[in-house]
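Chains as they are written, first to last, in the numbering used here: chain C, 19 to 345; chain P, 19 to 345; chain S, 19 to 345; chain U, 19 to 345.
Warning: the hint list may mix true and false statements.
What the hints assert, rightly or not - Looking from chain P toward chain S, a few residues come up when the C-beta cut is under 10 Å (computed):
| id | residue |
| --- | --- |
| 1 | G157 |
| 2 | H158 |
| 3 | C245 |
| 4 | V342 |
Just so you know, these hints were derived from the structure itself, not from any lab.
The structure presented is a predicted model; accordingly, all values stated were derived computationally and were not measured.
Every residue gets a Cβ at the ideal spot worked out from N, C-alpha and C, and that includes glycine.
4 protein chains.
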Amino acid sequence: MPVPTHIFNPPFNVVRCSHAVLTVRDLEASRAFYERAIGLKVEHADKGALYFRGMEERNHHSLVLKQGAEPAAQRLGFKMGSEEDLDRAAAFFKERQLPAKFVEVPFQGRTLHAADAQGNPLELYFKMDQGERILQQYGHYAGCHPQRFDHFNVFTPDPQASIEFYAALGFRLTEYAESDDPVPRIAAAWMHRKGGVHDMAFTNGRGPRLHHIAYWVPTALNIIHLCDLMASTGYLANMERGPGRHGISNAFFLYVRDPDGHRTELYTSDYLTVDPDFEPIRWSLRDPRRQTLWGTPAPRTWFEEGSEFPGVPVKPPVHDLKPVIAD
Amino acid sequence: MPVPTHIFNPPFNVVRCSHAVLTVRDLEASRAFYERAIGLKVEHADKGALYFRGMEERNHHSLVLKQGAEPAAQRLGFKMGSEEDLDRAAAFFKERQLPAKFVEVPFQGRTLHAADAQGNPLELYFKMDQGERILQQYGHYAGCHPQRFDHFNVFTPDPQASIEFYAALGFRLTEYAESDDPVPRIAAAWMHRKGGVHDMAFTNGRGPRLHHIAYWVPTALNIIHLCDLMASTGYLANMERGPGRHGISNAFFLYVRDPDGHRTELYTSDYLTVDPDFEPIRWSLRDPRRQTLWGTPAPRTWFEEGSEFPGVPVKPPVHDLKPVIAD
Amino acid sequence: MPVPTHIFNPPFNVVRCSHAVLTVRDLEASRAFYERAIGLKVEHADKGALYFRGMEERNHHSLVLKQGAEPAAQRLGFKMGSEEDLDRAAAFFKERQLPAKFVEVPFQGRTLHAADAQGNPLELYFKMDQGERILQQYGHYAGCHPQRFDHFNVFTPDPQASIEFYAALGFRLTEYAESDDPVPRIAAAWMHRKGGVHDMAFTNGRGPRLHHIAYWVPTALNIIHLCDLMASTGYLANMERGPGRHGISNAFFLYVRDPDGHRTELYTSDYLTVDPDFEPIRWSLRDPRRQTLWGTPAPRTWFEEGSEFPGVPVKPPVHDLKPVIAD
Amino acid sequence: MPVPTHIFNPPFNVVRCSHAVLTVRDLEASRAFYERAIGLKVEHADKGALYFRGMEERNHHSLVLKQGAEPAAQRLGFKMGSEEDLDRAAAFFKERQLPAKFVEVPFQGRTLHAADAQGNPLELYFKMDQGERILQQYGHYAGCHPQRFDHFNVFTPDPQASIEFYAALGFRLTEYAESDDPVPRIAAAWMHRKGGVHDMAFTNGRGPRLHHIAYWVPTALNIIHLCDLMASTGYLANMERGPGRHGISNAFFLYVRDPDGHRTELYTSDYLTVDPDFEPIRWSLRDPRRQTLWGTPAPRTWFEEGSEFPGVPVKPPVHDLKPVIAD
């Protein structure tokens with residue numbers, strides 16, 4: 019299927035993906051997981067919510083957990099280039115008759131709640147409260163030393179439509195996996211704004227659902243230590259896939275599940291993608307090195323399980339594109 | 019001294035620093051150093067020149083060495099956003115009565131030779147030949163696994179003037195070192211275009227001269243291996259400073275000198291700077307953790323020696339700002 | 019089953035496991051694998067054999083490959099404490115009516131070919147030619163920087179009998195895996211002489227056959243680089259298991275197969291076992307963290323495939339002890 | 019000077035160095051340093067003393083800190099092979115008219131307090147209480163993940179005499195630094211019992227004084243993290259030397275000073291020395307790669323400062339052997 023042409027002057031400026039808002043059933047259990055295993059800093063805690071950030075992040079939060087009856091994904095947060103970009107975004111969504119309304123959100127300036135064409139609930143803002151700089155306060159480091167929020171990955175029933183929607187917002191395709199059919203179809207795609215491999219990735223499947231969020235960590239050894247730590251502090255069953263090297267993105271990775279099943283990737287060492295003449299990289303869906311450069315396929319759960327957005331209907335995939343599965 | 023306001027809409031779009039052109043006296047000796055110690059890939063070699071690139075670079079070259087009678091720095095290369103940006107750049111330099119002419123350069127498209135207000139010779143282009151993707155061809159990896167060209171650092175006799183010139187081109191200040199005088203003066207500054215800590219840095223001193231070029235490497239262990247390798251393959255005396263952690267940038271570093279004395283930094287793990295509301299970080303010139311977070315000052319050579327640009331007069335610094343020196 | 023009492027004054031002094039002798043079908047293909055992927059130094063090559071050593075080894079060889087029609091394991095080499103120990107060993111084997119004869123072996127002093135009670139062919143010596151010290155000649159380092167031969171692992175049809183034979187030689191049990199049956203049976207055991215977790219390990223199964231040899235490498239990152247290197251230089255299918263952290267031994271590991279199917283483990287970071295009051299560690303055969311601390315079971319091939327010793331009959335296991343298998 | 023012949027059957031069996039006993043002025047300040055920066059586990063704390071151990075150690079303690087008015091080194095602890103070895107040791111010291119008496123020591127079995135010929139106070143024992151195995155309880159890991167006590171280094175006024183005393187106890191010389199004088203003299207020596215580069219090292223200088231104790235850590239990255247941690251948690255001035263690679267031993271190292279000035283080395287990646295035909299390695303005292311393979315000399319404090327043993331007179335060195343010093 020056609021790869022989109024990159025738009026250098028999008029209708030509004032999305033700087034980067036910024037934060038996730040999730041619902042969890044037990045804030046204390048989640049806090050133990052994200053603070054002591056993953057190693058995020060708790061920036062604020064109140065009766066109903068927890069706010070976390072990574073070691074290099076100056077923004078108040080990159081992960082918000084809210085107390086709820088059922089696990090759910092709430093919002094995908096993106097940082098805009100300016101207040102004007104926020105207004106342009108509002109206009110853009112309204113023009114397309116997509117949801118878009120300004121809301122009050124703690125620790126953030128003007129915030130727009132919108133939804134993309136597939137129904138993913140978005141949270142756009144320009145200003146957020148700033149925290150103290152802790153990048154060089156190494157006494158705060160714990161777990162795998164998570165540095166910064168890196169990306170979202172969502173299940174989409176129609177990857178081609180998702181790519182085209184985000185391409186129109188100036189997201190740039192870096193890599194994609196395609197079937198080898200006579201009419202090839204894209205089964206997964208990686209798109210960026212900030213200069214890495216992705217801010218947003220799409221996986222063919224029942225959706226929209228959140229597949230995972232990702233934090234960037236310094237080195238593979240931090241990820242290996244996280245494996246050791248999780249295996250010996252009660253989180254053995256929460257390690258879902260990896261560690262390994264992705265063929266796609268070349269990043270070293272680990273996928274873990276939090277106490278509510280929300281999936282987080284720990285991710286390191288992708289590459290710079292700022293060149294305007296960057297050419298996207300195509301992978302065959304059947305290439306054994308695509309998922310993991312070392313040939314290990316992902317488990318079935320990785321392809322099937324994800325976090326639903328409350329009130330957003332989940333649709334089956336338009337095309338049944340079969341990836342290589344471990345079992 | 020005043021920190022410049024960031025300009026979001028510069029007169030032309032510099033994507034990133036891209037490559038250095040240096041003169042060396044013995045191409046074979048230099049090839050041994052950059053190919054077998056540092057680990058760069060030789061992309062092209064002819065009688066008078068060598069072209070190298072890092073493991074993730076698709077551009078044909080990020081380092082060009084030319085045979086010459088005397089060691090010298092020739093050009094600082096920058097990639098533009100488009101051919102139109104190249105024309106806008108030509109107009110910009112001409113309007114300011116700075117050198118600017120289009121030249122033919124092997125393996126590059128239209129190329130503009132210009133000079134900044136301090137006299138640093140620049141080489142601007144949009145298109146460069148592309149090489150095969152070797153990021154995942156690990157059989158090519160050698161030395162410290164250099165991934166990509168990261169930045170230039172130049173001596174300038176007037177850091178404030180240099181900052182203002184590049185700020186006008188849309189370079190953004192990330193960190194700076196300032197004297198604690200009643201009228202504080204900036205002694206060193208780091209400015210970026212691509213989203214890291216810098217594409218271009220300025221060090222107060224006799225200039226303009228090239229202080230160093232830098233390659234980004236995956237982890238500190240690659241740098242430690244380079245130390246072991248250099249110490250045992252005849253390059254013991256070429257190790258000038260480090261390894262260590264910079265206070266500024268938080269990067270892990272090593273500075274080495276090539277057979278002609280040109281300085282290269284191996285550099286890893288700085289942080290993302292794309293946020294539009296990023297606030298520059300100020301360091302006192304006397305903070306022992308500024309140069310090296312662990313307190314070790316740099317040697318005198320590091321503050322005094324650099325590569326001159328042929329035909330470009332070197333001027334003494336306007337202000338005598340005393341950094342902490344090891345001896 | 020009973021754990022043996024450690025014998026502090028064995029009949030002869032085995033210092034450590036030392037080298038393996040294997041038959042391969044294509045010396046050039048094997049050389050490419052062990053020299054360029056694994057990174058061993060070729061110390062000697064002639065028409066019929068290749069001799070390799072690791073970076074810290076002063077002994078002439080720790081791996082000998084001989085040209086042959088069929089892949090086979092030939093000998094397990096052990097270093098003795100003195101020439102007298104060699105004579106005591108000869109007497110010991112003869113007294114038990116086990117094979118034992120002195121032979122001429124290139125690059126070694128007096129060498130005894132013997133066999134243990136299960137039929138594993140042994141090669142005992144005290145003196146070996148010494149090579150130049152290359153530990154600090156980092157220009158020799160390649161692949162995963164293998165430092166030294168670490169251990170043998172053999173399939174045995176009767177682990178209890180194997181343990182008792184080697185315990186009588188002063189090998190000390192460090193860890194073992196046992197069934198949870200009313201009469202528990204040892205399914206695997208690790209025994210050392212040199213002060214690490216093992217020089218010799220036993221795996222229940224059709225035997226005697228060589229399960230694997232192992233080299234000690236400096237860090238997990240060297241093993242991760244080997245994965246990347248193998249995956250991109252034609253050895254993707256040769257990566258059998260890992261990387262991961264063993265529960266047993268706590269070592270970080272990778273298992274690879276050479277072009278003839280001989281298995282090598284790359285191994286790092288076990289612990290010191292020299293204390294006379296060291297207590298062996300028991301693992302339940304069903305503990306998911308035993309094989310890999312992170313819970314990933316080994317593939318079926320790992321439990322079933324091994325290298326036979328020519329002329330040594332292979333017997334089925336006395337007890338059918340079921341480990342956890344990945345499929 | 020003559021290198022001693024190794025004695026394979028010493029008068030008693032010293033298994034390894036085991037623990038240090040130090041006096042500190044403020045137990046809480048010391049606890050913060052060793053527990054939170056270095057990362058040792060506090061095994062026992064009472065009003066007058068703290069007991070620490072490393073992650074892989076089963077013995078109750080490898081570092082004992084006692085409250086006192088002045089900083090001092092108290093005892094160098096060694097583990098014996100058996101109770102009989104302890105009695106043989108007592109006889110050995112008494113025969114030479116050196117101090118030797120059995121004392122009661124908490125958490126240890128029968129314990130012999132003795133002194134070597136230079137006056138270093140020793141503490142010999144066979145049995146010590148055992149702690150729970152925490153090697154695979156990664157939730158206990160902190161700081162630089164110290165694994166085990168590795169060695170002592172003491173200032174001696176007469177290195178040759180010290181070497182000969184310990185050689186008579188079966189300690190084996192692995193490396194030594196010698197002057198290039200017509201009559202060369204040993205200025206420093208490394209001797210082992212347990213199979214690494216050393217359990218005990220000697221440095222020419224005013225002595226006897228304790229130069230440093232050392233803990234073995236998994237990788238260089240753990241040491242780099244310790245540098246970052248110390249630099250940002252109030253211990254910047256406590257970092258004395260490194261990180262770097264020793265020429266001697268090939269180990270990666272960092273030297274730090276505790277709140278009372280006691281020196282600890284964090285140490286990783288030396289090599290195996292169990293071969294009976296191991297040949298000691300000679301270094302010229304003037305070789306720039308001896309102290310640090312990368313050429314950086316140690317600071318003056320490293321050569322001059324050490325911890326005195328109360329009541330043990332300090333003598334000037336017999337020979338004035340000048341090492342290379344940084345200033």
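Now the hints, each set against the structure:
1. G157: holds, 5 Å
2. H158: Since the shortest Cβ distance to chain S is 9 Å, the answer is holds.
3. C245: holds, 9 Å
4. V342: violated, 32 Å
Comparing the model with each numbered hint stated earlier shows that hint 4 is the single one that does not hold.
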